[in-house]
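Participant: Quick note, the sequences are listed as chains D and R, same order.
Following numbering that gives the first Met the number 0, the numbering of the first sequence begins with 0 at its first residue and continues without gaps.
Following numbering that gives the first Met the number 0, the numbering of the second sequence begins with 0 at its first residue and continues without gaps.
Worth double-checking, as some hints may not be accurate.
Simulated DEER-style distance windows between Cβ atoms [what the hints assert, rightly or not]:
(1) R:ALA92 with D:THR328: 34 to 42 Å
(2) D:LYS27 with R:GLY103: 50 to 58 Å
(3) R:ALA92 with D:ARG65: 53 to 61 Å
(4) R:HIS60 with D:THR328: 54 to 62 Å
(5) R:GLY117 with D:ASP373: 19 to 27 Å
(6) R:GLU1 with D:LYS253: 32 to 40 Å
(7) D:LYS128 with R:ALA85: 56 to 64 Å
(8) R:GLU1 with D:LYS156: 40 to 48 Å
(9) D:GLU323 with R:ALA267: 28 to 36 Å
(10) R:VAL76 with D:GLU303: 33 to 41 Å
Treat the hints as calculated values from the structure; they're not laboratory data.
Beta carbons are placed, not taken as given, at the ideal position from N, Cα and C, and that holds for glycine.
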Amino acid sequence: MKKLISTAFAAFSLFCLSTAALAAPPIKIGALFAVTGPASFLGEPERNTAQMVVDEINKAGGVKGRKLELIVYDTGGDATKAVQLANKLIKNDNVVAIIGPSTTGDTMAVAPVADKAGIPLVSCAAGSKITDPVRKNVFKTAQNDALAVARIYEQLKKEKKSKVAILSVSDGFGSSGREQLKAQAAAYGIQIVSDDTFGPKDTDMTAQLTKIRGSHAQAVICWGTNPGPAVVARNAKQLGLAIPLYMSHGVSSKKFIELAGDAAEGIRLPSGKVLVADLLPKNDKQKASLLAFIKDYQSHFKAEGDHFGGHAWDAVMLLKGAIEKGGDTPAGIRNALESTRNFAGIGGVFNYSAKDHAGLTKDAFTLVEIKKKDWVLVK
Amino acid sequence: MELFQQITQFVISGLATGAIYALIGLSFAIIFNSTGIINFAQGEFVMLGGVMTIFSLNVLHLPLIAAIAVAVAATTVVGVVFERLAIRPLKNATPLALIIITIGASILIRGVVMLVWGKDTQALPAFSGNDPISVVGATLLPQHLWIFGVTVLVIVGCRLFFHHTISGKAMRACSFNRRAANLVGISVGRMVLFSFVISAAVGSLAGVIIAPLTMTAYDVGVMLGLKGFCAAIMGGMGSGLGTVLGGLILGTLESLGAGLISSGYKDAIAFFILLLILFIRPQGLFKKGETERV
Numbered sequence: 000m001k002k003l004i005s006t007a008f009a010a011f012s013l014f015c016l017s018t019a020a021l022a023a024p025p026i027k028i029g030a031l032f033a034v035t036g037p038a039s040f041l042g043e044p045e046r047n048t049a050q051m052v053v054d055e056i057n058k059a060g061g062v063k064g065r066k067l068e069l070i071v072y073d074t075g076g077d078a079t080k081a082v083q084l085a086n087k088l089i090k091n092d093n094v095v096a097i098i099g100p101s102t103t104g105d106t107m108a109v110a111p112v113a114d115k116a117g118i119p120l121v122s123c124a125a126g127s128k129i130t131d132p133v134r135k136n137v138f139k140t141a142q143n144d145a146l147a148v149a150r151i152y153e154q155l156k157k158e159k160k161s162k163v164a165i166l167s168v169s170d171g172f173g174s175s176g177r178e179q180l181k182a183q184a185a186a187y188g189i190q191i192v193s194d195d196t197f198g199p200k201d202t203d204m205t206a207q208l209t210k211i212r213g214s215h216a217q218a219v220i221c222w223g224t225n226p227g228p229a230v231v232a233r234n235a236k237q238l239g240l241a242i243p244l245y246m247s248h249g250v251s252s253k254k255f256i257e258l259a260g261d262a263a264e265g266i267r268l269p270s271g272k273v274l275v276a277d278l279l280p281k282n283d284k285q286k287a288s289l290l291a292f293i294k295d296y297q298s299h300f301k302a303e304g305d306h307f308g309g310h311a312w313d314a315v316m317l318l319k320g321a322i323e324k325g326g327d328t329p330a331g332i333r334n335a336l337e338s339t340r341n342f343a344g345i346g347g348v349f350n351y352s353a354k355d356h357a358g359l360t361k362d363a364f365t366l367v368e369i370k371k372k373d374w375v376l377v378k
Numbered sequence: 000m001e002l003f004q005q006i007t008q009f010v011i012s013g014l015a016t017g018a019i020y021a022l023i024g025l026s027f028a029i030i031f032n033s034t035g036i037i038n039f040a041q042g043e044f045v046m047l048g049g050v051m052t053i054f055s056l057n058v059l060h061l062p063l064i065a066a067i068a069v070a071v072a073a074t075t076v077v078g079v080v081f082e083r084l085a086i087r088p089l090k091n092a093t094p095l096a097l098i099i100i101t102i103g104a105s106i107l108i109r110g111v112v113m114l115v116w117g118k119d120t121q122a123l124p125a126f127s128g129n130d131p132i133s134v135v136g137a138t139l140l141p142q143h144l145w146i147f148g149v150t151v152l153v154i155v156g157c158r159l160f161f162h163h164t165i166s167g168k169a170m171r172a173c174s175f176n177r178r179a180a181n182l183v184g185i186s187v188g189r190m191v192l193f194s195f196v197i198s199a200a201v202g203s204l205a206g207v208i209i210a211p212l213t214m215t216a217y218d219v220g221v222m223l224g225l226k227g228f229c230a231a232i233m234g235g236m237g238s239g240l241g242t243v244l245g246g247l248i249l250g251t252l253e254s255l256g257a258g259l260i261s262s263g264y265k266d267a268i269a270f271f272i273l274l275l276i277l278f279i280r281p282q283g284l285f286k287k288g289e290t291e292r293v
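Modelling step: build the complete structure from the supplied sequences, incorporating the hints.
Facilitator: What follows is the structure, encoded as structure tokens:
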């Protein structure tokens, strides 16, 4: 009897020990996405993707045998809320790193908080001022607007077009694009003959386009996110605008083609490679990552993965690599992130360094044209 | 010549946008005249019209005409429910409290639509094609003609209703003096309900006919509602020609301002006009001063 009890006790204590070993605390990663509000078209795919990737990493055994725990908060696209939630992640949840926020405005508000706390922040927003000047703990995965602008101007220069009209939306995305368009024009020998804006909720842009039609521009570059650019495309068709219309990467999803309808034909835009993954040559470094991401997203959400989700994919995978290399402390992760080289993700091939926390070159963008309601590569 | 052509385009685009503002402004005025409140959920009726038409077309697979009828009817039901549940039970509330209730209702409607139909912007196919029509050097779309046509019909309909039917006259009586109207046997409660019915129907109709041009989403109602409100203020909150002219002037000035001055100040121009009118002619552009409006 005594023997039975002692065996039972031994078995019990062994069981306790083993569960304790199994339950090594997960590594906590925070995430701030604008899941609701005006930037929800960014935040929603980002949240979906981040959760999907983390689940998959955990299914495959986690990072160095430890699970990842993703704590997601919704900023609603509100910078004040984003700062409060960042503080909550850092102080209450004790995360080792933060992914997001989704928008440049939110990121600029959160960046000093994360930087001061020494928690690495991998933003999914595009604004170039996020990493310029470089902050020690702030990285980003979304391609800079500057790279998209460079891609368009390169093409215009090739076609010997030097007079452009710009039409940008009057929000953070549009004004950042407008600044870049103006700043880089001279370097490509391009003259901006007309500079107009429209409101994010405007429903008619014929006035601006009529003005552009009278300005002898050789191309129009419209910088905005849906639905504005779709209205611009329809209005341009209504007015019979004969010059080529370029859009920004902000509308590089099938949704734009759906909204603009027939008016989308012939429109060109710089886009992340995710849109045209199957058209890419076999030797493209990103092709494997891209196809994996698209397949995964399709099977989880029955929707096409877009490059916004791709920013979150890149952020989680970059952090995973950094945790493998640098351990689970914020400082270790930061140092490992900074030494990331040749990481072929969704947004491009990342090469971070002490001077560059954006990590991409203009090869991250490819120029596509809309033909028969689908994308084709512009040669 | 080029400038002339530009200006005709600005004016024609402006008139088309203005007609939409006018329709929304009218539906503001109808409720204001029978209840004395400004229904800030008006923009949401406009949104519901567009969103429900798209829903009926794409999910229920109804033909376009039936889809429009369903959308207008459903929005009218929303208007009735809103009046029954949120406005009527508060018999002695001040107009300010009622206005705040309408703001709450607008947030609720927007939230429900967002949860049910999602956040994506959607487009409705144009009623009769997308081939531009040329008018004195400017171009407009067949859809613009639909907008002008429906606006004219609605104005004529309102005019006939308010001046030549018993119910319409009773509603006008309520707007002049509720108590007196009640004393001569008019059911004020029913007239208020009527005004919500008409206003929701007109608002949703506006939402339907603009959806092919401007596209629609759960949050389009806010800005359209505000612009419609401006139009109604310019017209002195009357349910007649004043509001229509207010809308057309607002649309044209916006378009001219965006084209000739600066597109950045387009909305500023609209709201500057609104403030100016509120300061200088609070009774509206086309109205003689009244000592008291009830």
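Participant: Compare the structure with the hints numbered earlier in the document and write down the numbers of the violated ones, lowest to highest.
Facilitator: 1, 2, 7, 8 and 9
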